[in-house]
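J.: Here is what each chain is made of, one letter per residue.
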Amino acid sequence: MLAAPFIDFKVPAGFPSPATDYVETRIDFSDLMIQNPAFTFFAYAEGDSMTPDIQDGNLLVIDRKVDQPNGCIVLASVNNTFCVKQLFRYRDGSIELRPTNDKYKSINLPSEFEGDFEIFGRVIKVVRDLLK
Amino acid sequence: MNAVALIDCNSFYVSCERLFQPHLNDKPVIVLSNNDGCIVSRSQEVKTLGIPVGIPLFQVRDRVIKHDVQVYSSNYTLYGDISSRVHEAIRHFSDRIENYSIDEAFVELEENRYLQSFFNAGVEIRTKIKRWTGIPTSVGIGPTKTLAKIAGNVAKESPEGVFDIMCKDRQEEILAKTELLDIWGINTATAKKLKAIGISSAKELRDMDIRSGRKVLTVVGARMIQELRGKPNLSLELITTRRKSICCSRSFSAEVKSYSELAESVRNFVSTAAEKMRGQRLFANALNLFIETNRFKEKGLYTNSATIKIQPTDSTRELIGYALQVLKRIYRNGHGYRKSGVILLGLQPVEGETPRLFGEKQYQEDRTLMRTIDNVNAKYGRDAVRFGLAASNQTRWHMARNHLSKAYTTDPDQLLRVFV
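The listed protein sequences derive, respectively, from chains A and B.
If you read the first sequence in numbering that gives the first Met the number 0, its first letter stands for residue 0, the second for the next number, and so on.
If you read the second sequence in numbering that gives the first Met the number 0, its first letter stands for residue 0, the second for the next number, and so on.
These aren't lab readings, by the way, just hints derived from the structure by calculation.
For every residue, glycine included, the Cβ atom is placed at its ideal position computed from N, Cα and C.
There could be a bad hint or two in this list.
Claimed, not checked - Cross-link-like lysine-lysine pairs, in silico, DSBU-like; alpha carbons within 35 Å at most:
hint, chain 1, residue 1, chain 2, residue 2
1, B, 405, A, 131
2, B, 155, B, 167
3, A, 64, B, 129
4, B, 202, B, 129
To be verified - Derived coverage of chain B by chain A (criterion: at least 3 residues anywhere in the stretch with Cβ under 8 Å from a Cβ of chain A; other residues may be distant):
hint, stretch
5, 76-87
6, 127-134
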């Protein structure tokens with residue numbers, strides 16, 4: 000993973016730097032991005048149903064351990080096909096998988112849905128590469 | 000009383016494949032051993048079809064095609080990574096864990112922590128491992144490792160995936176139904192001996208006189224009987240015992256004849272074994288190298304191996320030097336080789352290594368180089384930096400892995416792609 004240099008204090012020669020103890024610490028980018036390394040997976044997104052939050056080619060950081068409150072974005076599989084959508088669970092047991100791009104329609108799973116439905120994990124970060 | 004739980008991943012290799020390819024969920028799936036030889040992991044559908052584990056693929060090819068069984072090569076990079084995630088999840092439930100194999104672990108469950116019931120603890124463990132890692136498991140709970148293992152077999156068949164035989168009545172019932180071969184540590188030979196003296200179930204073994212048990216099955220048998228009685232005799236091996244040897248060997252996908260190709264395979268195996276060894280902070284005192292022609296061919300059979308004592312080292316550069324010395328000695332021209340391998344022996348912790356009288360400076364430079372290479376390879380993938388000749392395009396010594404899935408979790412170029 001990337002490591003960026005920590006802010007470097009410049010002090011007059013002969014004067015001991017109060018920051019000496021910290022100079023060697025570098026920010027580990029993965030610490031910023033990931034809470035549960037053992038339960039985190041990555042995937043690239045393709046398609047535009049989740050714009051503007053997620054755009055084609057973005058890297059998704061997916062955590063399987065964090066909570067999944069209503070409205071969070073998840074990677075799920077419906078009838079054994081992956082999709083990324085906003086998750087809503089209703090009192091009657093039905094589930095809505097809602098795209099953020101209103102050109103697309105929600106996937107509604109009734110409470111008696113008999114197909115396969117599984118949540119892979121919650122999308123906790125989206126990385127967009129501005130060089131590409 | 001504390002309990003022992005055996006946590007066992009269901010069809011582990013198949014489950015790893017399914018995690019990233021949900022379209023496999025409702026299809027029969029198998030995973031093959033090295034070189035795509037034998038079946039090593041089967042999904043439930045394949046078990047139901049009656050296709051056995053361990054047999055060569057070609058023997059069941061017709062059935063595999065007929066039932067559209069999905070075939071995968073072993074993706075050890077993926078399985079190793081997922082396994083470490085599962086073990087990490089298990090650490091949330093106990094500090095006393097024995098990582099028994101890539102897909103099994105024994106854990107001690109504390110009575111105080113799981114007051115409600117061990118069964119509920121099992122359900123919680125199973126649910127959380129599935130949620131956090133995506134891997135389905137079954138959990139067997141008992142007062143000893145041997146009984147936990149037996150409970151695990153029942154758990155696999157049960158709808159909850161958890162089975163608890165902490166109580167005596169349950170043990171009576173299950174042990175009466177458990178065949179000898181389903182007991183941990185009993186093989187066909189020992190089962191035969193026991194049958195000869197009229198013992199055919201786990202219950203009968205448990206109730207036999209310990210002294211006669213020791214006579215038939217030595218001290219191991221006596222321990223087994225104690226364990227079946229609910230008295231722990233096999234402690235958890237909490238500290239992963241330091242290994243005494245590390246082996247790296249492969250069968251080739253095609254015959255290799257030339258010395259230079261064989262040498263290239265040896266260089267790679269030494270590199271892999273040495274990297275593993277350094278990862279465990281060990282160094283080697285001896286090295287064994289072996290080469291084999293096709294065992295199933297009648298003509299031109301040739302196998303040879305040699306071990307040499309070496310100056311203690313963990314440097315890949317030096318180990319390759321030694322291995323090639325051995326190879327020169329045992330290589331015979333004109334044979335078609337199908338396998339080679341390297342074993343690093345007499346492993347000791349680096350902390351106890353004595354400095355060299357001569358060449359210590361060069362050796363320390365070597366080690367700095369090794370650390371750098373290991374770091375680079377850890378970051379950019381094994382083989383980012385390699386020893387020896389530039390990789391030739393003659394890659395016959397590679398394994399046959401024609402049905403390999405991606406390294407979804409370890410290679411940035413092979414990440415999952417999902418259609419949003």
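J.: Holds or violated: residue 64 (chain A) with residue 129 (chain B), Cα cutoff 35 Å?
T.: 10 Å, holds
J.: Given the hinted pair residue 155 (chain B) and residue 167 (chain B), is their Cα-Cα distance within 35 Å?
T.: 21 Å, holds
J.: In terms of beta carbon proximity below 8 Å, does the stretch 76-87 of chain B have 3 or more residues touching chain A?
T.: holds (count 3)
J.: Does the structure keep residue 202 (chain B) and residue 129 (chain B) at a Cα separation of 35 Å or less?
T.: With Cα atoms ~33 Å apart, residue 202 (chain B) and residue 129 (chain B) stay inside 35 Å; holds.
J.: According to a criterion of three or more residues whose C-beta lies within less than 8 Å of a C-beta of chain A, is the stretch 127-134 of chain B covered?
T.: This one holds; 4 residues, not fewer than the three required, reach chain A with a Cβ under 8 Å.
J.: Given the hinted pair residue 405 (chain B) and residue 131 (chain A), is their Cα-Cα distance within 35 Å?
T.: Holds. Residue 405 (chain B) to residue 131 (chain A) sits at ~24 Å (cutoff 35 Å).
When each numbered hint is compared with the structure, no violation occurs for any of them.
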